[in-house]
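Student: Each chain, letter by letter, is given below.
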Amino acid sequence: MLKINRKLSVYISIVLTAVMFAGLIVLAVFMPFILEYLLKIPGLFGDVAVLSQYKRVIFYTAAYAELAIMMAGLGLLFALLMLVQRRKVFTAAAVELIRYISWCLIFMGIIMIALTSFSVIALIIGAAVLFLGLTVRVVKNVIEEAVYLKEENDLTV
Amino acid sequence: MIIINLDVMMAKRKMSLGELSDKVGITLANLSVLKNNKAKAVRFSTLDAICEALDCGVSDIIEYRKE
Chain A
1 MLKINRKLSV YISIVLTAVM FAGLIVLAVF MPFILEYLLK IPGLFGDVAV
51 LSQYKRVIFY TAAYAELAIM MAGLGLLFAL LMLVQRRKVF TAAAVELIRY
101 ISWCLIFMGI IMIALTSFSV IALIIGAAVL FLGLTVRVVK NVIEEAVYLK
151 EENDLTV
Chain B
158 MIIINLDVMM AKRKMSLGEL SDKVGITLAN LSVLKNNKAK AVRFSTLDAI
208 CEALDCGVSD IIEYRKE
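Protein chains in written order, with the working numbering: chain A, 1 to 157; chain B, 158 to 224.
Please keep in mind that the hints were generated in silico from the structure rather than gathered at the bench. Cβ coordinates follow ideal geometry from the N, Cα and C atoms, glycine included. Hints are supplied without guarantee of correctness; some may be wrong.
Unchecked claim - DSS-like cross-link-like pairs, simulated, lysine-lysine; straight-line CA separation at most 30 Å:
#1 B:Lys171 to A:Lys150
#2 A:Lys88 to B:Lys192
#3 B:Lys195 to B:Lys171
#4 B:Lys192 to B:Lys171
#5 B:Lys195 to A:Lys140
#6 A:Lys140 to A:Lys3
#7 B:Lys197 to A:Lys88
#8 B:Lys195 to A:Lys88
#9 B:Lys223 to B:Lys169
#10 A:Lys88 to A:Lys150
#11 B:Lys195 to A:Lys150
#12 B:Lys197 to B:Lys223
#13 B:Lys180 to A:Lys150
#14 B:Lys223 to B:Lys192
#15 A:Lys150 to B:Lys223
#16 A:Lys140 to B:Lys192
#17 A:Lys7 to A:Lys140
#18 B:Lys180 to B:Lys169
#19 B:Lys195 to B:Lys180
#20 A:Lys150 to B:Lys192
#21 A:Lys3 to A:Lys150
#22 A:Lys3 to A:Lys88
#23 B:Lys169 to B:Lys192
Said to hold, decoys possible - Reference excerpt, derived from the structure (chain B facing chain A, CB under 10 Å, subset only):
#24 Gly175
#25 Asn187
#26 Leu188
#27 Val190
#28 Leu191
#29 Ala196
#30 Val199
I would like the entire structure built from these sequences, with the hints used as guidance.
Tutor: In structure tokens:
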């Protein structure tokens, strides 16, 4: 199996984060077109003709809120990767970042679930994202414990 | 609370931190952590080496004081 060294791996993650951030900016610009296209797919979001202006506003708001939260999450990921690069990942700062990332995921999941009235797919995706958020939260607990152990080890003479 | 009296013993033996670090075989940084009461734990091997280097007992270095 291809073995990638640690530094290169972090570098790849940073590049992927930056690429995804750029992708989100492009997505934000073309969002109205994409949303209108999605709304026209028969059956995906119910009958378009029935979709009231009020519901349309909710749909757009949710889409942009998801995008904003994802961008914030990517910023947090970037900060976390910087900590990894500086070999300071087992610190209280990193734990805090991971905690915020988990909240980002949980909020995204909640927004998705709130869109269930539009489409059942939203419920499934929302539940998956919520589960991811919970997983990240547990990872945060694990890292927190590791920080404690590291501190104790560092201060053992 | 546990008080480390390493500096007192070092003064008595007229030994510098660098000299003690050489004799004990732990880094200057770690010895400073111990001397400044910042350590969370001390290995028996470290304690053994310090007592050997300073020619003293454990109670000369470590003391318990009621808070």
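Student: Checking each numbered hint in turn, tell me which of them this model violates, lowest number first.
Tutor: 1, 16, 24
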